[in-house]
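Two chains, two frames, some hints: make the complex.
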Amino acid sequence: AQTVTQSQPEMSVQEAETVTLSCTYDTSESNYYLFWYKQPPSRQMILVIRQEAYKQQNATENRFSVNFQKAAKSFSLKISDSQLGDTAMYFCARRSGNTPLVFGKGTRLSVIA
Amino acid sequence: GAVVSQHPSRVICKSGTSVKIECRSLDFQATTMFWYRQFPKQSLMLMATSNEGSKATYEQGVEKDKFLINHASLTLSTLTVTSAHPEDSSFYICSASGGGNNEQFFGPGTRLTVL
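Heads up: the sequence lines are chains D and C, in that order. Reading the first sequence from the start, the letters are residues 1 to 113 in my numbering. Reading the second sequence from the start, the letters are residues 1 to 115 in my numbering.
Here chain C stands alone, though its shape is the one from the complex (with noise of 0.2 Å):
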């Protein structure tokens, strides 16, 4: 099966400073890929939408200036979170789709905590 990975797992960073979260498909292609975040006991929320090549497509309510988005290869796309605060801190996780049978596949997600 098709391969995502996530780096880091897990990342701890003092209030204000900006942290970039990579996502990469392994054994495929991924033309489009997806970043949510999961709170605690929660479901998964669409952040982002980003095709290779274009600028992402924001989920209402997400600022875009706050979560950068760069999807420049079709095997890599990144989330930086400028400016961390605590209230940032949750689990976010990736997800790519390409070949065409209409599957996500899911990294392993990162824990951020902002101190």
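Bound conformation, chain D alone (with noise of 0.2 Å):
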């Protein structure tokens, strides 16, 4: 099966600090897109950051960046000078073609005051 693994149920962290979430996954296709999505208590999905699987930069989106690991199958997202407003469940995805996303299990993030 072509999962996503997310190794981190819950996470906290400082406001004004740091914070990396983890996700590995399995495919066997060359070419996929990768997506970190935030779920806030409104249950609406938010695209945070996305990364072509054939750009070998790192995708960054503000205080959002990503460490790309193609060989390892490594999407870790770091979230800098966290916010009360990153509070959030945090979904890893997959995506091949016009396939659907395969989600992770999620982590659930809280940043603390």
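These are computed hints drawn from the structure, not numbers from a lab. The reader is advised that the hints may include incorrect statements.
[As the list claims (entries may be wrong)] No more than 25 Å apart at the CA atoms, straight line, and that leaves these computed lysine-lysine pairs for DSS-like: (1) C:Lys66 / C:Lys14; (2) D:Lys105 / D:Lys78; (3) D:Lys55 / D:Lys70; (4) D:Lys78 / C:Lys20; (5) C:Lys41 / D:Lys105; (6) C:Lys64 / C:Lys20.
Note that this is a predicted model, so its numbers are computed, not measured.
Here is the structure:
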């Protein structure tokens, strides 16, 4: 099975500090896309960042960046200068072509004031 | 960015009744739509994939006669939960893709409670 694994069910971080959420995946595809989604208490899925597998450069979106290690099939998310509004569930996901997203089980992040 | 709406946002129904949930892509043509189910504190579980004008493809373990999916146009897909029972109570999320950027855009979800 082509799976996505998030090994940290829960994490916490002090406000203004940096936290890294881990994600590994399994795929036999050569071309695919990786995503991190945020799901706040409203339960709306919000795209945080995406990475094309064929790109070596790690994606960055303001305070959010990824460490994409293709050979190791690892795709971690780093949140810098954590804010209270970052408190949410975070899901790592993978997609190939037009197939549906495959999600990890999620990591619940709490930002503490 | 692309916007996906879902209606209703919340529904409470009696056991044995049917409930229809609509998913609309408001500013793009969704060639493919996906329906997910999410239980509390769990991840999204894919129920089915539908392409416009075609029959939906259901995931293993999802009853196609219970969860009827229609994708009759490029902007609308519906999920009908037939003869709903309390165990069908859950959060249902639709997602749509189109335009070739490999991104899925999510609706805000529908909370179904079956009494």
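Consistency of the hints with the structure:
With a C-alpha separation of about 16 Å, the suggested pairing of Lys66 of chain C with Lys14 of chain C holds against the 25 Å cut-off. The suggested pairing of Lys105 of chain D with Lys78 of chain D holds, with an alpha-carbon distance near 18 Å, which does not exceed 25 Å. Among the hinted pairs, Lys55 of chain D with Lys70 of chain D is consistent with the structure: their alpha-carbon atoms are about 10 Å apart, no more than 25 Å. Distance check on the hinted pair: Lys78 of chain D and Lys20 of chain C sit about 40 Å apart at the alpha-carbon level, beyond 25 Å; violated.
Straight-line distance between C-alpha atoms of Lys41 of chain C and Lys105 of chain D comes to about 9 Å, which keeps the hinted pair within the 25 Å bound. In summary, the hint linking Lys64 of chain C to Lys20 of chain C is supported, as the alpha carbons are separated by about 14 Å, within the 25 Å threshold.
Hint compliance for this structure: hint 4 alone is broken.
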